[in-house]
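Protein sequence lines, in the order shown, are assigned to chains L and W.
At position 94 of the first sequence the residue is numbered 94 (the working numbering), and the sequence of numbers has no breaks.
At position 53 of the second sequence the residue is numbered 482 (the working numbering), and the sequence of numbers has no breaks.
Certain hints may be false.
What the hints assert, rightly or not - If you anchor each label on the Cβ, the simulated ranges turn out as follows: (1) L:Arg316 to W:Ala557: 32 to 40 Å; (2) L:Pro313 to W:Asp550: 38 to 46 Å; (3) W:Lys543 to L:Ala50: 42 to 50 Å; (4) W:Gln525 to L:Pro311: 30 to 38 Å.
Hints listed in this document are in silico derivations from the structure and should not be mistaken for laboratory results.
Beta carbons are placed, not taken as given, at the ideal position from N, Cα and C, and that holds for glycine.
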Amino acid sequence: MSRSGITRTVIWAAIALCVGVLVFAIIAYRPAIAAVTRPDPRLFDAALVARGANLARLGNCVSCHQSAGGRPYAGGYPVKTPFGTVYGSNITPDPATGIGKWSPAAFNRAIREGVGRDGSHLYPAFPYTHYATVTDSDLGALYAFLMTRPAVHAVPPANTMIPPLGFRPLLAGWKLLFFRPQPIASDPRQSAAWNRGRYIAETLAHCTACHSPRGLLQQEKRGAEAYDGGWSGGWYAPPINARSPAVRAWTVDRLDAYFRTGLSTAHAAAAGPMGPVKYNLARAAPADVRALATYYAWQMRNAPAARVEPPLPDRRALALQRHPDGARLYEGACAVCHEPGAAMMVAGRPALPLGTPLHEDNPRDTIQIILKGLRPPVSARGPYMPAYADALDDRQVAEIVAYLQARHGTGPAWKDLEKDVAKAREEGE
Amino acid sequence: MIDLTVNGAAARVDVDPATPLLYVLREDLHLHAAKFGCGLGQCGACTVLVDDRPVFSCLMPVGALGTRKVTTVEGLGTAARPGDVQRAFLHEQAAQCGYCIPGMIARAESLLRKTTTPTEDEMRTAMAPSLCRCGTHKRILRAVRRAAVMRGGGVVDAAEPVT
Chain L
1 MSRSGITRTV
11 IWAAIALCVG
21 VLVFAIIAYR
31 PAIAAVTRPD
41 PRLFDAALVA
51 RGANLARLGN
61 CVSCHQSAGG
71 RPYAGGYPVK
81 TPFGTVYGSN
91 ITPDPATGIG
101 KWSPAAFNRA
111 IREGVGRDGS
121 HLYPAFPYTH
131 YATVTDSDLG
141 ALYAFLMTRP
151 AVHAVPPANT
161 MIPPLGFRPL
171 LAGWKLLFFR
181 PQPIASDPRQ
191 SAAWNRGRYI
201 AETLAHCTAC
211 HSPRGLLQQE
221 KRGAEAYDGG
231 WSGGWYAPPI
241 NARSPAVRAW
251 TVDRLDAYFR
261 TGLSTAHAAA
271 AGPMGPVKYN
281 LARAAPADVR
291 ALATYYAWQM
301 RNAPAARVEP
311 PLPDRRALAL
321 QRHPDGARLY
331 EGACAVCHEP
341 GAAMMVAGRP
351 ALPLGTPLHE
361 DNPRDTIQII
371 LKGLRPPVSA
381 RGPYMPAYAD
391 ALDDRQVAEI
401 VAYLQARHGT
411 GPAWKDLEKD
421 VAKAREEGE
Chain W
430 MIDLTVNGAA
440 ARVDVDPATP
450 LLYVLREDLH
460 LHAAKFGCGL
470 GQCGACTVLV
480 DDRPVFSCLM
490 PVGALGTRKV
500 TTVEGLGTAA
510 RPGDVQRAFL
520 HEQAAQCGYC
530 IPGMIARAES
540 LLRKTTTPTE
550 DEMRTAMAPS
560 LCRCGTHKRI
570 LRAVRRAAVM
580 RGGGVVDAAE
590 PVT
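Can you make the complete structure from the sequences, with help from the hints?
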């Protein structure tokens, strides 16, 4: 190529680059929305605020918008992603550090489009992909609820994203690829409760954020893979569709009890990241919780246990023979509560083999529940289990898990247990 | 036979490895500080230190200790020469009936071995697994704040000053 040819190519490449940058800038650009004076909390209708409170509980907002030991809605919970940690923001009406200066238009845009008042794109750790189809009237109620919370002056820790992901305009690219809001039309063949349940589940409750697998760029897989199980905070969120590994059917009544009390006597207690969900649902409107139960019972209608509830194996002698160390540890650390006839069993707690974790295709939840136990928040009642992270080492936890699976499990034997215990300690919360 | 190290001394006991550490401490080694409360890991009266971590000894199979060292309140001081955490509990008169106190002291000791400058929240989180039915929590927390100061640190955002 001649020198002038090279020059021409370089010029054209530069022009193409400039046009590309310009086009991207136009796509990524969102204007700021003017600040308002913090609305007077006394001007909001009490019934509207109450409706917003219910929606915030159904949406589990406080889980990410409150740090451990922090004030509600003041932000600070770390959402760990493969690309770094995103901290929940302060959504109290504090004008300086919260959303006190946000107009309803700014609030609605943030929730529906994932764009902050200042025009910056929000990380999809904030599940606006689900919120895009929340109704106007629900958004108004949520706005009224949040604007009447006590204003807390608090700045959450800065996000620690790997370069260049700290550059927020790039999120416009992510949105182009993965942000396709689908309106949720009512299905006339289904009941009102089912339709209400689907609306809550697929919008505010954003259940698939944990219960669906994610792709390379952390986008939730939809369609056929929706509800196929996913990962959250070092725990496994099991499939809640036809692939549910539960050994007892999830009926509407059982789901309803599980959501409201955190315990299904035919399954187990909610644990890990599901813990806060149940404590929020316990305070939500019972009819809405029942609607969620209706929808998820339908999602799992074709699960194996929905057709036939299998007999529960108890291969005690075989498990003892294969894992004598695990058996001995179980005897000293677990049996006092979990063995048939033990105090907690007599008190009505579900038997170990009913617990879904033992039937999942990976050991993570069984490991985490042993390491972390179950602890109700200070302000609520709920099932309890002591944590064993300090008492047992990785090998010992692995032995117990191997013993339990050999004794009660229904799936293929888990492998590399000790390694997964170490990983669970590292990733778990 | 199971070998273990308790309060710096080697011990050998002839028990089933599944036996709870608490039973071995109380019945074989005659160390009566750690108490049997619920036997279910719910009350914390049996808490002892295993290496530096607080553990419910009622749910700790003695065979699971391996080479890890056990410390009970007897290992932190004597009636004649109480240790610093014990002195802090005495100073604040933190005990009502006293049943939970050995577990509380073990838990406080564990926290202060990790850091002598915990936050108020870290302190409360560390102490939370132990229950006190008499309701002396305020005094117990004062005692932990005092013990932190005695160790050369202090609770950084203490809800009450140590006076």
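Against the structure, the hints:
| no. | hint | verdict |
| --- | --- | --- |
| 1 | L:Arg316 to W:Ala557: 32 to 40 Å | holds, 35 Å |
| 2 | L:Pro313 to W:Asp550: 38 to 46 Å | holds, 44 Å |
| 3 | W:Lys543 to L:Ala50: 42 to 50 Å | holds, 44 Å |
| 4 | W:Gln525 to L:Pro311: 30 to 38 Å | violated, 51 Å |
This entry does not satisfy hint 4, going by the numbered hints stated previously; all others are met.
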